[in-house]
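Based on the sequences and whatever the hints tell you, model everything.
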Amino acid sequence: MLSVENIHVYYGNIHALKGISFEVNEREIVALIGANGAGKSTTLQTISGIMHPRSGKISFLGEDITHTDGYKLPAKGLAQVPEGRRIFLQMTVMENLEMGAYIQKGKVPEEDFENVFAHFPRLKERRGQIAGTLSGGEQQMLAMGRALMSHPKLLMLDEPSMGLAPILVEEIFNIIQEFHAAGATILLVEQNAEMALQIADRAYVLESGAIALSGTGAELAESDEIKKAYLGG
Amino acid sequence: MTFLNYLLSGISLGSIYAIIALGYTMVYGIAKMLNFAHGDVIMVGAYICFFAVSRFALPPLVGVLAAMAVCTVLGILVERLAYKPLRAAPSLAVLITAIGVSYFLQNGAQLLWTPNPKVFSSVVGTGRLALFGGQLTVSYVTITTIVSCIVIMVALTLFTGNTKMGKAMRACSEDKGAAQLMGINVNSTISVTFAIGSGLAAIAGVLLCSAYPNLVPTTGSMPGIKAFTAAVFGGIGSIPGAFLGGLLLGVIEIFAKAYISTQLSDAVVFAVLIVVLLVKPTGLLGKQIREKV
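Top line first, the protein sequences correspond to chains R and S. Heads up, the first sequence is in numbering that gives the first Met the number 0, so the first residue is 0 and it goes up one at a time. Heads up, the second sequence is in numbering that gives the first Met the number 0, so the first residue is 0 and it goes up one at a time.
Hints are computed from structural coordinates only; laboratory data are not their basis. Small disclaimer: the values here were computed from a predicted structure and weren't measured. There may be inaccurate statements among the hints.
Derived pair list, reagent style BS3-like, types lysine-lysine, alpha-carbon separation capped at 30 angstroms [to be verified]:
(1) R:Lys75 with S:Lys175
(2) R:Lys75 with R:Lys17
(3) S:Lys175 with R:Lys17
(4) R:Lys123 with S:Lys286
(5) R:Lys104 with S:Lys256
(6) R:Lys71 with R:Lys106
(7) R:Lys17 with R:Lys226
Okay, the calculated bits of chain R under chain S, using three or more residues with CB under 8 angstroms as the criterion [unchecked claim]:
(8) 9 to 20
(9) 96 to 103
Ideal Cβ placement from N, Cα and C applies to all residues, glycine included.
Next comes the structure, spelled out in structure tokens:
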């Protein structure tokens, strides 16, 4: 579904991604894990067209999107829940969801809102509230709900557990599995390697801009290197 | 009754400031830049209307529409040619460019239309409406100005609150990166904002010159600065703030002229601004965004 081939990305002179290749197949949950600054978010931003690689190729559903303008990607079926949630704090919950459905022509069908509220009942209670007044967990839910509104074929989540209490992290991960069960393909970027590896079909470990290891979620969770570096064992 | 007369002139002048301030504040909200050339777009609008009506004998309404059309295109062009290439540049570079565009427009107008003053004839005539048995008279220009301002304000509020494009503009003004992830074309949204702001500037130019008929290439610069002040006064980035700031500035200016001193009126206006900003640095209706983690 998504294939990233040998991409090199620079921030000015800093070589942030040094030839990364990976793929996400239909209906998989793929996790990218790694320490702070390893290049996880840069990878997602490059796929989303916020940054462009200096060389290499990205294709989505067989189409080359390496240099496609970012704003055209949601219409092709790519959605991202960005790091730090980035919801529209001064808009209401409903308006945030409407923005998520921006690519849809005409009026947003009521079922789409109901679908989001089915996953996140708390958002329904707070539909008229200004998003900036939601709690951190609710904001993460809104960011995820907003991404669902575009009916993405591939949903990319950037650090969904960041800054959340452990119980909320659990809840967020359950919902990611719900999405998956409902047929979504997911690319998950996480620092919380333990949680990510539990739900991932496959995972890639990023280290200073390159892929250091890859395997199934279970394999990596058992690997000594991973245990030492990321799982505190 | 003189008090009421002053108040009405204040509200009328304030309405013009408010219409100009709306353009400033919308562009600031979305592009995070102070478009100092905005005042000069007003002047261009007034010239276009002047030529349409006085030289080509077109009906005033056609003159206004022509001015709006030309200014809208001008606004989009200025954004494309001067500001868009600097999207990633430091804000100081953009500010200096805006000042450059301002002088470019003023000098261009001198070259095209000479620095000699033109006498603008009011688009709604010079009649006056007598109220209270003639004790209070209100000019048609004043009425038109106040009504236009209210209509524009209501229309913009509905537009930004209820239409898809309007909501997309609010989304872009809050977070361009996130807006892009929603599939919003940020560049074209910025263009639309410049188009709306410049179209409004044309209306402001026509109303301004209908009330103060002396039209020269620098006509727009002082009202432009005052309107910028009004936008900051009300809270830059806020549409109701621009409206409130504009009205208050106009009323304070006229009262200062009437009751304190004609020469000192501008000083009084800016003194009030300084006091407001000392007490409330975000302006009257400016929001301090509170973020929860």
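Hints, verified against the model:
In summary, the hint linking Lys75 of chain R to Lys175 of chain S is supported, as the alpha carbons are separated by about 20 angstroms, within the 30 angstroms threshold. The straight-line distance between the Cα atoms of Lys75 of chain R and Lys17 of chain R is roughly 27 angstroms, inside the 30 angstroms bound, and the hint therefore holds. As the CA atoms of Lys175 of chain S and Lys17 of chain R are separated by approximately 28 angstroms, the hinted pair is consistent with the 30 angstroms bound. Taking the CA atoms of Lys123 of chain R and Lys286 of chain S, the gap is about 26 angstroms. The hint holds against a cut of 30 angstroms.
Our distance criterion of 30 angstroms between C-alpha atoms is broken by Lys104 of chain R and Lys256 of chain S, whose separation comes to about 53 angstroms. Taking the CA atoms of Lys71 of chain R and Lys106 of chain R, the gap is about 20 angstroms. The hint holds against a cut of 30 angstroms. A threshold of 30 angstroms between alpha carbons decides the hint, and for Lys17 of chain R with Lys226 of chain R the separation of about 25 angstroms falls inside it, so the pair holds. A count of 0 residues in the segment 9 to 20 of chain R with a Cβ less than 8 angstroms from any Cβ of chain S is obtained; the coverage claim is therefore unmet, three being the minimum.
For the segment 96 to 103 of chain R, the assignment as covered by chain S holds, since 5 residues bring a beta-carbon within under 8 angstroms of that chain's beta-carbons and 3 suffice.
When each numbered hint is compared with the structure, violations occur for hints 5, 8.
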